[in-house]
Amino acid sequence: MDPKTQLTVAPDVIAELEEEEHEQGEETEVAEASRKIRRRQRRRDRPRSRTIAMKRLTREEMRQGALLLPYMDYSRPFTRAECACGERPCPFVSCKYHLYLDVNPETGSIKLNFPHLEVWEMADTCALDVADRGGITLEEVGEIMNLTRERIRQVEVRGLLKLKMTAAGDGITPGS
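Heads up: the sequence shown begins at 0 in the working numbering, then just goes up one per residue.
Please keep in mind that the hints were generated in silico from the structure rather than gathered at the bench.
Where hints are given, some of them may not hold.
What the hints assert, rightly or not - Cβ pair distances, simulated, as ranges:
{"hint": "1", "residue 1": "G174", "residue 2": "P76", "range": "31 to 39 Å"}
{"hint": "2", "residue 1": "E86", "residue 2": "E138", "range": "44 to 52 Å"}
{"hint": "3", "residue 1": "I171", "residue 2": "V118", "range": "33 to 41 Å"}
{"hint": "4", "residue 1": "R132", "residue 2": "L160", "range": "33 to 41 Å"}
{"hint": "5", "residue 1": "E155", "residue 2": "S48", "range": "31 to 39 Å"}
{"hint": "6", "residue 1": "K163", "residue 2": "E86", "range": "32 to 40 Å"}
{"hint": "7", "residue 1": "R55", "residue 2": "E138", "range": "29 to 37 Å"}
{"hint": "8", "residue 1": "G133", "residue 2": "A166", "range": "17 to 25 Å"}
The model shown is predicted, which means the values in this text are computed figures rather than measured ones.
In this text, a Cβ means the ideal position worked out from N, Cα and C, and glycines have one as well.
With these hints in hand, go ahead and build the complete structure from the sequences.
As structure tokens, then:
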């Protein structure tokens with residue numbers, strides 16, 4: 000075929016090719032939109048945690064909390080051995096390993112990890128029980144702690160970095 004010869008294409012074939020390209024573009028747009036909808040639905044299925052700041056509490060709420068303090072005299076376990084065979088779900092929400100809430104020691108704010116559930120409705124209530132089961136995936140940890148997989152990964156990286164820095168400060172070399 001002579002290189003100077005031009006290929007001629009019928010107008011109906013050109014229109015057909017353009018229509019196919021348009022349909023493919025719509026398919027990718029639909030796929031992207033459905034991905035966004037699924038992501039939004041995932042967020043709605045699992046309500047976000049809620050933080051109660053100490054600054055936002057009224058004087059009356061503070062007074063009521065102080066009045067309840069003397070009545071909170073109960074024997075709670077202080078070691079893992081005492082706690083391991085205790086009742087489940089764990090009723091001791093004030094334990095630092097309980098998954099229902101977190102208290103920020105600097106600000107005193109309380110973060111409710113599962114505002115839509117009561118303690119007895121939770122599948123897992125103790126981080127130590129989860130650790131005893133062995134290794135689990137980031138998705139499973141995210142479900143247990145009401146966080147996203149990405150946030151769990153970030154916390155993991157930060158924790159490993161802290162361990163490295165502590166080991167280097169103590170003169171411990173990795174692998175020894």
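Here is what the structure says about each hint:
no.: 1; hint: G174 with P76: 31 to 39 Å; in the structure: holds, 36 Å
no.: 2; hint: E86 with E138: 44 to 52 Å; in the structure: violated, 28 Å
no.: 3; hint: I171 with V118: 33 to 41 Å; in the structure: holds, 39 Å
no.: 4; hint: R132 with L160: 33 to 41 Å; in the structure: violated, 25 Å
no.: 5; hint: E155 with S48: 31 to 39 Å; in the structure: violated, 19 Å
no.: 6; hint: K163 with E86: 32 to 40 Å; in the structure: holds, 38 Å
no.: 7; hint: R55 with E138: 29 to 37 Å; in the structure: holds, 33 Å
no.: 8; hint: G133 with A166: 17 to 25 Å; in the structure: holds, 24 Å
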